[in-house]
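Here the protein sequences line up with chains Z and F, keeping their order.
Each residue of the first sequence is one higher than the one before, counting from 1 in my numbering.
Each residue of the second sequence is one higher than the one before, counting from 1 in my numbering.
Among the clues, some could well be false.
Computed list of lysine-lysine pairs in DSSO-like fashion (alpha-carbon distance at most 30 Å, straight line) [claimed, not checked]:
#1 210(F) with 40(Z)
#2 18(Z) with 28(Z)
#3 194(F) with 28(Z)
#4 75(F) with 194(F)
#5 28(Z) with 40(Z)
#6 40(Z) with 194(F)
#7 194(F) with 101(F)
#8 75(F) with 101(F)
#9 194(F) with 210(F)
Treat the hints as calculated values from the structure; they're not laboratory data.
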Amino acid sequence: MSKVIHLHPTEDFKARSKAVLDNPGQRKNFRGAMDFLQAKRRAQFPDQDELQGLRELGASIRRYSLANLPRLLEQLEAKLTANGVHVHWAQNGP
Amino acid sequence: MSAREQILSRLRQPLVAAQHVSPDVAGWFGAHRRSEDVAQRTARLRAALEAVHTELHDVTHDDWSSVLLQVAAVKGLRQILIGTNTPHGAQLQACQTDDIKLIPYDRPIDSWQDLLFDGVDASLTLARGAVAETGSLILWPTPSEPRLMSLVPSIHFVLLDVDTIHEDFYAAMTAESWSAGMPTNALLVCGPSKTADIQQTLAYGAHGPKELVVLLRHTEGSKA
Numbered sequence: 001m002s003k004v005i006h007l008h009p010t011e012d013f014k015a016r017s018k019a020v021l022d023n024p025g026q027r028k029n030f031r032g033a034m035d036f037l038q039a040k041r042r043a044q045f046p047d048q049d050e051l052q053g054l055r056e057l058g059a060s061i062r063r064y065s066l067a068n069l070p071r072l073l074e075q076l077e078a079k080l081t082a083n084g085v086h087v088h089w090a091q092n093g094p
Numbered sequence: 001m002s003a004r005e006q007i008l009s010r011l012r013q014p015l016v017a018a019q020h021v022s023p024d025v026a027g028w029f030g031a032h033r034r035s036e037d038v039a040q041r042t043a044r045l046r047a048a049l050e051a052v053h054t055e056l057h058d059v060t061h062d063d064w065s066s067v068l069l070q071v072a073a074v075k076g077l078r079q080i081l082i083g084t085n086t087p088h089g090a091q092l093q094a095c096q097t098d099d100i101k102l103i104p105y106d107r108p109i110d111s112w113q114d115l116l117f118d119g120v121d122a123s124l125t126l127a128r129g130a131v132a133e134t135g136s137l138i139l140w141p142t143p144s145e146p147r148l149m150s151l152v153p154s155i156h157f158v159l160l161d162v163d164t165i166h167e168d169f170y171a172a173m174t175a176e177s178w179s180a181g182m183p184t185n186a187l188l189v190c191g192p193s194k195t196a197d198i199q200q201t202l203a204y205g206a207h208g209p210k211e212l213v214v215l216l217r218h219t220e221g222s223k224a
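If we strip away everything but chain Z, and leave its shape as in the complex, we get:
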């Protein structure tokens, strides 16, 4: 008999997810992966001031883009269409 998979969180979702995230093995794996990746990035940006400046510039671009998302999406749609791309809009959920 096939197992039923619930796609929507059940009431105990938070408790169960907290238990999983508190798992020492998981914590150790995440820590190891993040340290590995962050060390590689630090090696690419020896100038910490430049890295910080780039991070702030990136954050500013992200904030601006989120605040102007409807206009940017419409501009993207127009450019894509002009390039021969067929654009569909689809929503999550009902």
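Fit chain F to the supplied structure of chain Z, relying on the hints for placement.
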């Protein structure tokens, strides 16, 4: 209301703190510009590419094709894929030897897939430019030099004119007005194809060419 209108109308609700001032990207890069000359940009690109196992040769407009054929001979290559109707392809064909066959990419892929995957040792494409800061070659595939040329053959030769090397990615995008017309694929190639997905073990050639050979083409008299 259409899905499009519903999505846009939801996004128009002010969910994030509005920032209407455009980020000063030009100002940041202007303040951090190194103002390097061609020789300095070339040196930085060379160091970055050599650090990731890329082979580089300094060439001129006169000798690049003979240098390429010599390098290919040393590697024991028998076939090199070239584009169609390109000035550099014609120049290479003009000094073709009996030992190395030049194969033009002049048919739709469906009719010669087996040959491309099993019967071609290497390919040659022209780079649109490069980025010194990150050691990246800018490839801009065209119908004359399609994307598969830099993806399938095990060895990829790239001809790069040193005066098309930009200081950083922002300089390349703005100087070349990328936003005015993008191709289907725009590639930044920073060395031979490599992956360390499996057990962090480095392997070459898993997702593309295992060797990258760059011909740095200098204008007469400036060859390093």
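Tested hints:
Among the hinted pairs, residue 210(F) with residue 40(Z) is consistent with the structure: their alpha-carbon atoms are about 23 Å apart, no more than 30 Å. Among the hinted pairs, residue 18(Z) with residue 28(Z) is consistent with the structure: their alpha-carbon atoms are about 15 Å apart, no more than 30 Å. The hinted pair formed by residue 194(F) and residue 28(Z) meets the criterion: a straight-line CA distance of about 27 Å does not exceed 30 Å. Of the supplied pair hints, the one linking residue 75(F) and residue 194(F) holds, its CA atoms being roughly 20 Å apart against a limit of 30 Å.
A hinted pair counts as satisfied when its Cα atoms are at most 30 Å apart, and residue 28(Z) with residue 40(Z) qualifies at roughly 18 Å. With a C-alpha separation of about 16 Å, the suggested pair residue 40(Z) and residue 194(F) falls inside the 30 Å cut-off, and the hint holds. Of the supplied pair hints, the one linking residue 194(F) and residue 101(F) holds, its CA atoms being roughly 28 Å apart against a limit of 30 Å. Proximity of residue 75(F) to residue 101(F) is assessed by CA-CA distance (about 14 Å); at most 30 Å being required, the pair is judged to hold.
Restraint check for residue 194(F) and residue 210(F): the C-alpha separation of about 7 Å stays at or below 30 Å, so the hint holds.
The structure shown violates none of the earlier numbered hints.
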